[in-house]
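Protein chains in written order, with my numbering: chain A, 1 to 418; chain B, 419 to 836.
Zero decoy hints are in this set.
Some chain B residues flagged as far from chain A (calculated, every beta-carbon gap over 12 Å):
1) Tyr507
2) Ser554
3) Thr664
4) Ala665
5) Tyr667
6) Ile670
7) Leu689
8) Lys693
9) Asn746
The calculated lysine-lysine pairs, modelled on DSBU-like cross-linking and capped at a C-alpha distance of 35 Å, are:
10) A/Lys36 <-> A/Lys176
11) B/Lys423 <-> A/Lys62
12) A/Lys112 <-> B/Lys631
13) A/Lys62 <-> B/Lys480
14) A/Lys162 <-> B/Lys580
15) B/Lys684 <-> A/Lys370
16) A/Lys348 <-> B/Lys788
17) B/Lys480 <-> B/Lys423
18) A/Lys213 <-> B/Lys580
19) A/Lys348 <-> B/Lys800
Hints in this document: simulated from the structure, not taken from any laboratory. Cβ atoms here follow ideal geometry from the backbone N, Cα and C, with glycine treated the same way.
Below are the chains, spelled out letter by letter.
2 protein chains.
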Amino acid sequence: MKFNKIKAEIITIGDEILIGQIIDTNSSWIGQELSKIGVSVVHRTLVSDSEQDIVDALNEAKNRADIIILTGGLGPTKDDITKLTLCNYFNSSLAINEKVLEWVTKIFSNRKLPMIDTNKNQAMVPEICEVLFNKSGTAPGMWFDVDDKIYISMPGVPFEMKTIFTEEAIPKLKQKFLFPVIIHRTIQTTSIGESFLAKKIEDWENDLPSHIKLAYLPSVGQVRLRLSGLGEDHDKLNEEMKIIITALYYIIGEYIFGLEDDTLQKSVGELLHKKNKTLSTAESCTGGYISHLITSVPGSSSYYIGSIISYSNEIKTHELNVDETILNTHGAVSKECVSKMAEQIRIKFNTDYAIATSGIAGPDGGTLDKPLGTVWIAVSSKTETIARTYNMGDNRERTIQRTALEGLDLLRRMLLEI
Amino acid sequence: MKFNKIKAEIITIGDEILIGQIIDTNSSWIGQELSKIGVSVVHRTLVSDSEQDIVDALNEAKNRADIIILTGGLGPTKDDITKLTLCNYFNSSLAINEKVLEWVTKIFSNRKLPMIDTNKNQAMVPEICEVLFNKSGTAPGMWFDVDDKIYISMPGVPFEMKTIFTEEAIPKLKQKFLFPVIIHRTIQTTSIGESFLAKKIEDWENDLPSHIKLAYLPSVGQVRLRLSGLGEDHDKLNEEMKIIITALYYIIGEYIFGLEDDTLQKSVGELLHKKNKTLSTAESCTGGYISHLITSVPGSSSYYIGSIISYSNEIKTHELNVDETILNTHGAVSKECVSKMAEQIRIKFNTDYAIATSGIAGPDGGTLDKPLGTVWIAVSSKTETIARTYNMGDNRERTIQRTALEGLDLLRRMLLEI
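Using the sequences plus the hints, can you model the full thing?
Here's what the structure looks like:
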């Protein structure tokens, strides 16, 4: 590769973050965005709202990095410390920026609020900087190009920062530096643990060319595989990565439910929508969480009809026709019960498919026979009903989450006939 | 106060965190714990897995702080960089710690796994340090007391770090330094915005003594008020804060649903449990989220019976007896529909109370009459049914969340008769 490594440092400013009152998510997000365009983050610093601390951080940063990014301390009140510090640091002086003043005035008049002096001050920026326009708020971003180092300062409110960084800062950085081509692809898998997955794709992983790196990003019930490719020609690299992903489908295709930002509930929803099929659920131990996941997807009302949350056994009997003999002989956490729940909700709500769950989420309720974490899940269609059992462990929250994802995955497999 | 301000700095080590692949939650947590015992975090740094970067960070930190806390880079593999760096930094040499070796050996034999050299290496620590025992894992924490500065190094896995810090590091810090008495109290409020709340409690806030500070911690649908008191006598300070909180109840008692770590679903559950009453829900726009919140509380099966999620109108008609005339005349998002839903689920599931929701979560479905975000919520008991309407704005996720919390709060008010 003919590119120099471009280094960045992120300085976050704010007392509330320092003491942990607010968790800093900005610098992780900025780190990800920079790594997408091929910039290496070499250092991150978090300092208090004090001029001296900010100046010290700037002095240290400029010895380590080409790009120095500051967030926080650009609000309308006391927090203006960042702007004043940068103004002094670069021996500049504050002046009204007419474009920003016009924007701030417009925002206040739209909201029918009076504009006071502290608001007008937001349009004052150091003369030496270029303004990075903030279309999500009143505090502008700032761009300083001094001694061949780039300094970018943005407000700390996450959605304002993200707008400025994406729409203003990244395009300017691309003009200033020659970046390599970087392509990231994400493959979403479920129902297989990280170590089993790693074992299955070991050969494929070893065969990856050195300019394409793999990362495992596990969360409850899911593992994301992220491929990061580095090259000089976008189309060529893109084609190469497509072939590598196709090969992965041959090895672990059944575990892959989507790519990039897909969620399991979105992928299942798309399958239902495409096939013009409907879904209902009958939930016991998941207590509405499957229904919540499904209905968190916009447009889900076109395929999702509804649910009966049968948290008590009477509801299983009265509303889902689970015979008392089943409950007495096999218990509520059984193949018989959960299969009946799935079949009955499908018939009652007149849907093509149904998912049902019943289990012991805890912390109480475990027995020798059925220890804490025992779960039964059933999926039913007009032609078949399948049921499976799992042990989800002893954490209530994780049991609910994993059961919901396994239920959705069983439906996905039924829809795809795999 | 007779205490000197004790300052701490947190150094986080790890490439994955630097590029944002993992969000650093450790240093926020440590910051909170330190602030609870009266230590000020003055700086946080995040560096790569490189000896030079760690040494630079240590050199800078010891000029700023009394306590330097490192996390990350203490695993069994390449990450051992932190331990080696600290060993060199303090001109010490590695030696086997028998207690740690015994522990690591025991863990491996319990798991019936062979122990390889890299695992044995975990029992090697710099001779100059004291071991902070890790009962949650194999990598020990380390405590260095050099030139009157304390250096604490811990592995990056959050639950291991938390165990070591809470059980080993904090008690040792309390022996080493004389801390002031610090008491934190949290007051949980809902159904009132931050600025309205601030207005209501303005006088109370202004009357707070200077050694008791107030922080507003808002999230969707809720505002936490955190009081942090500083003193010399625990009982005296505790009593003083109790009186201040009691005074707050007189001003905004109706908005306070709990204290400390209470959640609205937990507080409502406790009220139901105490009164020996039962609950059911009928959810449309919240799609199971209320049910999920309620059932996320352990023990909820003693008062929560279940729900009908009537996402489609047919379910509202067939299962909840909502007349088609109601749907045709007033629509599904109406006082008439949501009141009927609440009454019918209460009767059908034979419960004392019921909550029902119906609204337009979006992104589609808004009309001139009923714009996006219009929501109706009803709460029904055996003696009354009340319904209220809200506009929750245009974000689907937030509309679902806020509607669920408002529904729970309406029930809380009915249970308390306020």
